[in-house]
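Okay, here's what each chain looks like letter by letter:
2 protein chains.
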Amino acid sequence: MGEMPEVIFQPEGKHRRVTHGTTVLEAAKLMGVDLTSICGGQSSCGKCKIIVETRRDNLTSYTEAERRLLSENELKKGYRLACNAKIIDSIVITIPSESQRGHQRLQVEGIETPVKLNALVKKVTLTLPKPSLEDQTADVERLQKTLEKQYGLYDIQIGYDLLRKLPQTLRESEWKITVSIWNNQKIIDFETGAMADDNYGFAVDIGTTKIAGYLIDLNKGTLISKGALMNPQVPFGEDILSRISYAMEGDESLRELQEIVVKGVNQILTEVCNQTAISHNHVYETTIVGNTAMHHLFMGISPKFVGLSPYTPVIQKSINIKASKLGLKMNPRGNVHVLPVVAGFVGADCVAAILATEIYKSSDICFLIDIGTNTEIVIGSKDGLVATSCASGPAFEGAHIKYGMRAQTGSIEKIWINPNTLEPKCLTIDDDKPRGICGSAIVDVLAEMLKTGLMDTAGKILTDTNCHRIREGPDNLEYVLVWKEEAATEDDIVIVQSDIREIQKAKAAIYTGASILMKKLDITVDDINKAFIAGAFGTYIDPANAKIIGMFPDIPIDKIVQVGNAAGTGARMALLSKDARNTAGKIQKKIQYVELANDPKFHREYLKALYFPHLDLDCFPRTIKLLRKTLFHVAPNHQTVLKGINKMKLS
Amino acid sequence: MGEMPEVIFQPEGKHRRVTHGTTVLEAAKLMGVDLTSICGGQSSCGKCKIIVETRRDNLTSYTEAERRLLSENELKKGYRLACNAKIIDSIVITIPSESQRGHQRLQVEGIETPVKLNALVKKVTLTLPKPSLEDQTADVERLQKTLEKQYGLYDIQIGYDLLRKLPQTLRESEWKITVSIWNNQKIIDFETGAMADDNYGFAVDIGTTKIAGYLIDLNKGTLISKGALMNPQVPFGEDILSRISYAMEGDESLRELQEIVVKGVNQILTEVCNQTAISHNHVYETTIVGNTAMHHLFMGISPKFVGLSPYTPVIQKSINIKASKLGLKMNPRGNVHVLPVVAGFVGADCVAAILATEIYKSSDICFLIDIGTNTEIVIGSKDGLVATSCASGPAFEGAHIKYGMRAQTGSIEKIWINPNTLEPKCLTIDDDKPRGICGSAIVDVLAEMLKTGLMDTAGKILTDTNCHRIREGPDNLEYVLVWKEEAATEDDIVIVQSDIREIQKAKAAIYTGASILMKKLDITVDDINKAFIAGAFGTYIDPANAKIIGMFPDIPIDKIVQVGNAAGTGARMALLSKDARNTAGKIQKKIQYVELANDPKFHREYLKALYFPHLDLDCFPRTIKLLRKTLFHVAPNHQTVLKGINKMKLS
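Chains as they are written, first to last, in this note's numbering: chain A, 1 to 651; chain B, 1 to 651.
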């Protein structure tokens with residue numbers, strides 16, 4: 001008998017091996033996945049719709065009920081009914097929003113960094129003198145002369161495509177038109193009458209997991225509306241490397257990934273435009289940020305060599321692309337400005353976060369971290385910036401954690417453990433019945449287990465605590481967070497030893513990156529004057545707990561600021577200000593990228609960082625005070641291991 | 001009974017009314033049109049193929065023989081067999097080159113004006129350093145740095161489309177590539193290996209009747225090959241105004257005219273590339289000249305408002321368009337540079353001719369005339385240029401002349417009349433049996449008839465000469481040039497009174513334009529120091545005869561230069577030199593356009609110019625010496641008419 005098939009549910013990201021022949025609905029229930037089912041599996045309500053994008057043959061074939069209850073179009077798109085489709089082999093299943101009860105928490109808020117309004121798109125209304133036998137000036141030159149006279153705008157160009165529409169429009173509008181000009185350089189559109197007020201832009205942050213979009217009034221600089229969406233590429237690979245691998249399968253795969261992400265961006269844009277009754281044609285510019293792989297995929301540029309050593313991007317500096325070339329549903333002649341990237345794994349989102357946090361002009365040394373599947377770390381000041389990226393993996397987004405899931409209705413987002421009773425208290429999103437654990441709570445539970453002595457600094461669950469929630473589970477030792485009676489799952493929700501190992505690897509990678517950057521700058525944690533934690537995950541974690549598990553350096557709490565989606569803020573700044581774009585370009589050039597793969601110290605530092613908070617306790621002077629009890633278990637041992645590691649030869 | 005259907009044969013341009021039910025082959029034979037027929041109309045050889053583009057229903061429907069002898073593809077394209085198809089109603093018939101015995105003379109030669117080689121496309125071969133963990137510079141920046149280091153080329157941009165091909169090409173070529181750079185600004189292509197020698201450009205002159213193309217080595221500045229073609233738009237209208245009318249029928253018609261002219265340009269380009277085994281992809285730039293309507297139609301810009309008062313073009317200055325946007329079969333990312341136009345009827349061909357003749361920098365006053373369906377006239381010097389355009393009509397190209405035809409095998413191109421015997425001597429192209437008269441011979445015959453007293457200065461054929469070749473024909477008086485026994489036609493080839501009327505109108509329009517420009521500059525013919533006659537027709541006419549009939553001012557013969565396709569020369573200069581393009585822009589701005597439609601003197605001057613050479617004989621002091629004999633017939637009368645016209649009120 002082969003391995004049991006693994007099923008992955010998107011967008012939650014939950015996954016588990018299930019018995020061959022399990023229905024999708026049964027699997028979802030078993031795992032506590034949010035999937036509507038009114039009739040309870042009687043093949044009558046047709047509500048438990050799911051989508052299978054690839055490997056459709058890994059489910060049993062369509063039933064009579066499915067053919068009856070699903071539309072022609074749905075069948076074509078790979079819709080199934082979860083109660084009818086049985087799992088034959090490993091498969092990724094997407095639960096469309098209409099089949100979800102709860103909703104996903106997609107972080108879009110970010111700090112507000114003031115920026116002087118200087119948008120690149122300007123709209124002006126003109127009245128042209130009519131041609132006559134005494135003035136036979138051509139239409140284009142007539143328009144240009146009027147722009148000079150009425151607005152002092154010289155040598156404004158007009159593209160070939162637009163040129164062809166000009167004669168008719170000028171005459172239909174009786175020579176009164178509104179012209180949209182990009183960067184004081186070229187006309188990107190014109191329309192009849194006085195329309196200068198309708199001037200909008202769109203700022204987009206494309207994350208590996210999530211896309212956030214912001215609709216902005218380019219005349220006033222105000223935020224009109226915002227929206228977010230799971231990155232629809234997720235079913236093609238959860239993390240950056242699997243996304244890159246998929247793209248490398250061929251031009252068709254690359255095109256598929258580009259099309260689907262553009263479709264996602266268009267979906268958000270359509271939503272925000274519809275909400276505000278703004279025409280797509282009045283959206284003249286879009287700014288895009290994202291990590292280097294997302295940046296490449298959005299443009300349909302192969303990220304192959306980003307994924308292979310020496311990890312070179314195809315282009316670093318910013319690019320302007322005509323909207324129609326990318327298929328964005330904005331004004332087709334509008335501009336898409338893609339911000340610059342630093343390296344294969346330090347992208348435009350990082351540049352945008354630096355722009356938003358303004359660490360590039362700080363006199364003091366600042367620390368910036370954006371924690372995700374890939375974690376970017378930047379340290380520096382106006383005198384210079386160093387940056388690196390570490391493959392922290394998707395553990396903090398719930399992947400590879402037995403009950404891990406994304407931040408969504410019913411996920412536990414906060415955990416405390418009573419040091420006396422060793423009983424946990426869990427807070428869920430939307431106060432719903434617990435269905436799993438999201439990233440912020442995973443950090444909490446480890447910090448709490450460490451503080452309460454349920455786990456040692458090496459990450460081992462301890463059995464000498466008389467805690468009835470610690471038990472030998474099917475996999476290994478586990479700590480029960482929620483009994484099944486109180487949960488939306490069919491089993492107890494637990495943290496298992498292997499979950500702790502996953503987090504150890506992830507946090508060690510992050511800390512090692514930070515530590516190597518500090519060594520590069522020859523500074524200690526005490527030299528850091530301000531720390532910014534960015535990103536969705538960073539918004540919800542408890543920084544004190546993150547430090548307890550040693551995720552990042554032991555910076556005093558009062559110096560830590562959680563800045564939310566700083567990348568999105570940077571994208572908005574670049575949309576509103578030409579100066580901000582220039583600054584982004586300068587930031588890109590200013591940053592010194594440090595390649596960890598290249599650093600001989602990496603492995604040694606990584607081994608030390610696997611401990612909670614660290615093998616070398618001197619690195620965490622503030623944090624160890626909180627851990628007196630646990631330290632007794634391991635402190636003597638620490639010294640021996642530390643010596644051993646320090647003696648390791650650098651290869 | 002309605003009017004008899006009129007049939008027009010292209011490319012010769014011959015036309016006549018024929019009896020309803022005449023076969024196309026019979027009509028062709030009757031008119032002496034060059035159409036192959038081996039079996040003589042037995043429906044067996046399948047060689048008398050003709051093409052009908054529009055109004056296919058004006059021929060009888062397909063016969064069994066046609067379905068058998070024509071291919072599927074030919075049937076689809078509107079091919080017919082001339083011996084089978086009968087004429088029901090008026091129709092334009094094109095004889096494809098494979099069905100012609102002779103060939104058309106398409107003027108492509110022009111003066112050679114030296115120009116300093118400074119082409120916009122440069123090709124350089126680069127060897128890039130390979131990326132490593134120590135040097136993770138992105139592909140684009142790596143390429144840019146190499147361009148800086150190896151060639152001192154800074155800030156060279158690369159477009160989005162090309163960007164996507166870069167990573168693969170760099171690695172496949174093992175980091176040695178050849179880059180094609182346009183205008184020191186942007187990369188338009190790259191290829192593996194050392195390919196810098198293959199750098200070509202294409203210069204094109206799009207005439208109303210004919211397209212000429214020149215393939216040029218952009219590294220050496222040499223002409224590689226040249227070719228020409230009838231403008232395939234001819235069946236949609238012989239002159240500019242009918243072409244504009246067709247385009248105004250709707251977007252579809254406009255697109256049709258654009259596509260067909262682009263196809264024509266592509267046909268020449270393919271021919272010259274095939275002759276020289278040069279790849280289309282190595283043709284990086286094309287320069288285009290043409291009159292304003294051709295200029296607009298080539299770009300798919302509606303010429304509607306060029307055709308309607310006040311005759312404004314859509315754009316005057318030069319434009320650069322990506323080749324792929326126009327569908328040109330050159331490097332798709334190459335540039336198409338369209339030269340500037342001056343006014344609705346003074347186009348880029350005129351600007352190019354000024355560039356080629358260098359009258360814009362002459363210290364002396366120059367005269368430039370390009371005679372065609374539309375005749376452009378420019379007068380001036382480095383101190384200023386005035387230009388105008390007159391609708392001279394297609395008479396000089398053989399249209400509206402009973403036996404008129406284009407310069408082609410068998411057309412009479414030169415005529416002398418013996419002043420004693422009054423017998424003509426005719427010279428035909430390729431020494432073939434005469435089939436008709438082309439433009440240069442039409443000028444000759446009128447000048448000779450005037451000199452020999454066969455016609456008076458008012459253009460009336462005189463009957464008091466005892467010349468047996470002068471007779472009353474079916475239409476009016478006529479002069480027999482070739483007896484049918486010596487001709488390839490079934491009738492005598494004659495010049496009829498109405499032919500003379502056509503030429504009178506055409507030449508009067510031209511002279512009036514010149515005369516108004518001279519008045520504008522306040523100069524007389526004696527102030528003109530040099531005259532350039534440009535264009536295909538201008539190459540073959542006898543300037544002395546042209547002056548005798550008063551086509552243009554009475555400039556001494558030794559000051560007249562025939563410059564051939566000067567517009568083509570200008571296009572070649574613009575292809576080879578950035579400075580020439582700048583000069584073209586300056587020329588466009590420098591020219592003062594004079595609108596004849598706007599000039600109150602026009603009608604009065606025109607009436608006077610209808611005479612041969614002119615009603616006011618004082619304008620032609622040199623020419624009248626040649627016309628003593630004829631002048632006796634009319635000179636006294638002249639004075640009376642002249643007084644009457646001069647007294648006419650200016651409206």
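There may be inaccurate statements among the hints.
With a cut-off of at most 16 Å between alpha-carbon atoms, the simulated EDC-like pairs for lysine to aspartate or glutamate come out as follows [to be verified]: (1) A:LYS304 - B:ASP155; (2) A:LYS589 - B:ASP155; (3) B:LYS589 - A:GLU141; (4) B:LYS304 - B:ASP217; (5) A:LYS317 - B:GLU141.
Just so you know, the hints here were simulated from the structure itself, not pulled from any lab data.
This one's a predicted model, so the numbers in the text were calculated from it and none came from an experiment.
Outcome of the hint check:
1. Restraint check: the Cα-Cα separation between A:LYS304 and B:ASP155 comes to about 26 Å, which exceeds 16 Å; the hinted pair is violated.
2. Simply put, A:LYS589 and B:ASP155 have alpha-carbon atoms about 15 Å apart, close enough for the 16 Å limit, and the pair holds.
3. In summary, the hint linking B:LYS589 to A:GLU141 is supported, as the alpha carbons are separated by about 11 Å, within the 16 Å threshold.
4. For the hint pairing B:LYS304 with B:ASP217, the CA-to-CA distance comes to about 37 Å; that exceeds 16 Å, so the pair is violated.
5. A distance of roughly 8 Å separates the Cα atoms of A:LYS317 and B:GLU141; the hinted pair therefore holds under the 16 Å criterion.
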